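Student: Sequence:
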Amino acid sequence: MKKFWRIILTNQNLIYKVILLVACSFLVVYLFPKGAKFKYEFQKGKPWQYASLYAPFDFSVLKSSTELDAEKQAILESQFPYYRADSEVYEGVKNAYASQFSNFFSLPASSKEYQELYDFGFLLLEQTYLNGVLPPGFDQKGGERVFLIKGNVESTIDKDQFVKIETLQESIDYLLNKTAFANYRTPFYKLFFEIVLPNISLDEKFTSNAINQSLSDISPYRGLIKENSIIIKQGEVVEGEKLQMLISLRDEFESQLWNELNYYWIIFGYTILVVLTFMSLILFINNYRPSIFEDNREITFIFLNMVGMIALTTIVVNFDVRLLYAVPICILPLILKTFFDPRLGLFTHVITILNLGFVVPNSFEFVFLQLMVGIVTILSSTQLQNRANLFITVGRIVLVYLVGYIAFTITHEGGIDKIDFLVIGLFLLNGLLTLFAQPLIYLYERLFKLVSDVSLLELSDTNAQLLKQLSDRAPGTFHHSLQVANLAETAANEIGANALLVRVGALYHDIGKMNSPTYFSENQTGSVSPHEEMPPVQSAKIIINHVAEGIEMAKKFKLPDRIIDFIRTHHGNSWVYFFYKKAQELGEHADEKDFRYPGPRPFSKETAILMMSDAVEAASKSLREPTVDKIQQFVDTIINKQIDEKQFNDCNITLSEIETVKKVLSKKLINIYHLRVEYPE
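In terms of the working numbering, the sequence shown is residues 36 to 716.
Honestly, the hints are just simulated from the structure, not real lab data. On a predicted model such as this, the values are computed, not experimentally measured, just so you know. Some hints here could point you the wrong way.
Unchecked claim - Think about it this way: if two alpha-carbon atoms lie no more than 20 Å apart in a straight line, the pair counts; the simulated SDA-like pairs of lysine to any residue are:
hint : residue 1 : residue 2
1    : K628      : D679
2    : K702      : A534
3    : K74       : W300
4    : K702      : Y554
5    : K199      : A215
6    : K185      : L259
7    : K81       : S95
8    : K213      : P233
9    : K268      : A133
10   : K98       : I350
11   : K261      : F227
12   : K52       : L308
13   : K52       : K240
14   : K52       : F382
15   : K656      : T553
16   : K52       : L311
17   : K79       : R285
18   : K277      : P255
19   : K185      : P255
20   : K656      : Q573
21   : K277      : E567
22   : K79       : A534
23   : K616      : D626
24   : K617      : Q573
25   : K199      : P171
26   : K503      : S551
27   : K74       : G304
28   : K79       : F443
29   : K185      : E239
30   : K98       : L259
31   : K147      : F157
32   : K591      : D507
33   : K240      : G186
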């Protein structure tokens, strides 16, 4: 059991990466469509490039969107509106008629003529409310059919069969003109205008439900293709009926209910493909970015961003595939380039869009366009800490999207008249969303303790709190750090290292000297050194401790780990040779470990450049009567000694790059001393 746990502990970094890869793979596969993927790619207006295709099973042909829209429009135009008659209004009007009739007719209530007038008026009222009375303002076009609901009875009538309040007098005249009661026209006018109320209203809810029901009854299919029927022959152009049959077959194929065995085979296939892509990324990082591979935090950061972008795009596609190009996929390479380097950013971008190819429609177009945009993003995104540069990068991204989309439209449609301005709007939205890369970078710096150029620029400000303290308490060290920063930055630019990172590392590499500034020669104002009164071992301890004290101070001020690495490695595990030799001369017992820095040795090009620049700048103060040859020999001697001590064995800097650094440092020192090369006569 102990052996098992020992193996686990020894390989915990590798085990973590395996778990991360498996977890991310399963998460991505979970997001993928669960049906089989149609194995043929086709585009409208393009020839069918495969062998002749026969129907593998019976399937229905879907109506095109144009056909469905036409049917929906026909329903909307032909649907009769529903009107509802209010029986309570009519009952109220009848009661009002009975109670107010005598007020408008001055005849004895017991007379025969009074009773005949009353009965006639009641019939007149019934005729008025036979279909119903419309309220004022209703449009009443002749010939327009409507549904009328009275109680539980539904009937169809012409809309002009309703009586309108505005035309009530005309309706009364029409009914009176053919009777013996025409002389009583005026009292009937007055009575009806007093009591008649509208009882017809448009039932919008019932009408809407009827329309929705009719729309839902539309069949999405318009035909059946039998198994083994020819669908399209090789070389035929994909358009019209052929296009609709292919779309129908694809949709039917991908939506079929697969049995359990088929389902698990599909999942297994997706898993293999996703694992292959993720393994490619892991191998790339292991072979070409070993420092990142060893850092589980950075590996996790890369995979979380990649899986997050895949998840976001998949969710958008499932919600509405038309919004696909609104997803700001280029945020991923932008962020990875900011925190790491362009190659890793581009490689991760490629892996991401390859996985998205399983999800999106027209995967070739998508992958091609995103690949082009990703390359432009990587090549054009420089110094994102400058907001103007970010806007320029986003402008280029949108431009490539637009040019690519227009080019694809021309190849598919044979012209630009079919350009969809909604898609162009989505590209513009994509550009706006890409601007969120900057706040995301700031957030990631805090969450994952990573370093971007933005934070490096903030740290490089000599008015920063820690550098201000260094300037006040150890001015000589501060000046030395500035000189080293200038040397290291120039050297880093020459060999393609991160110049800004080296500069910031150089500014902070000696902050530990603030605790005992006078023990370091650059801060000593007189000719007497405090080391003269101290044992060599104690002097060496004070000198060596500036590294540990610098690390402690950097952590207190929450400097990023990548900056602390420069403090930790700028002396590697080299000797404090002066005091070791002095101890030997005094006959004291000199234990090697008491005179050696704890390390580690530099493990990146940047930390190696700082070690060389620091040693050369510090030692250059001892040069007497410097000449060009003397400076070049001096630089060679110092750096060759570091090579002999194997200080650069743990970093990926080459001998050729070290030679370049030597030349840069020599040239800078020659300029500092204002020397000129002496030419032979």
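Student: Compare the structure with each hint and give your call.
Tutor: Outcome of the hint check:
| no. | hint | in the structure |
| --- | --- | --- |
| 1 | K628 x D679 | holds (19 Å) |
| 2 | K702 x A534 | holds (18 Å) |
| 3 | K74 x W300 | holds (15 Å) |
| 4 | K702 x Y554 | violated (30 Å) |
| 5 | K199 x A215 | violated (25 Å) |
| 6 | K185 x L259 | violated (43 Å) |
| 7 | K81 x S95 | violated (23 Å) |
| 8 | K213 x P233 | violated (25 Å) |
| 9 | K268 x A133 | violated (82 Å) |
| 10 | K98 x I350 | violated (27 Å) |
| 11 | K261 x F227 | violated (69 Å) |
| 12 | K52 x L308 | holds (18 Å) |
| 13 | K52 x K240 | violated (59 Å) |
| 14 | K52 x F382 | holds (18 Å) |
| 15 | K656 x T553 | holds (17 Å) |
| 16 | K52 x L311 | holds (15 Å) |
| 17 | K79 x R285 | holds (14 Å) |
| 18 | K277 x P255 | holds (17 Å) |
| 19 | K185 x P255 | violated (35 Å) |
| 20 | K656 x Q573 | violated (24 Å) |
| 21 | K277 x E567 | violated (96 Å) |
| 22 | K79 x A534 | violated (51 Å) |
| 23 | K616 x D626 | holds (11 Å) |
| 24 | K617 x Q573 | holds (12 Å) |
| 25 | K199 x P171 | holds (7 Å) |
| 26 | K503 x S551 | holds (16 Å) |
| 27 | K74 x G304 | holds (14 Å) |
| 28 | K79 x F443 | holds (12 Å) |
| 29 | K185 x E239 | holds (16 Å) |
| 30 | K98 x L259 | holds (11 Å) |
| 31 | K147 x F157 | holds (15 Å) |
| 32 | K591 x D507 | holds (19 Å) |
| 33 | K240 x G186 | holds (16 Å) |
Taken one by one, the earlier hints fail for this structure at numbers 4, 5, 6, 7, 8, 9, 10, 11, 13, 19, 20, 21, 22, listed in ascending order.
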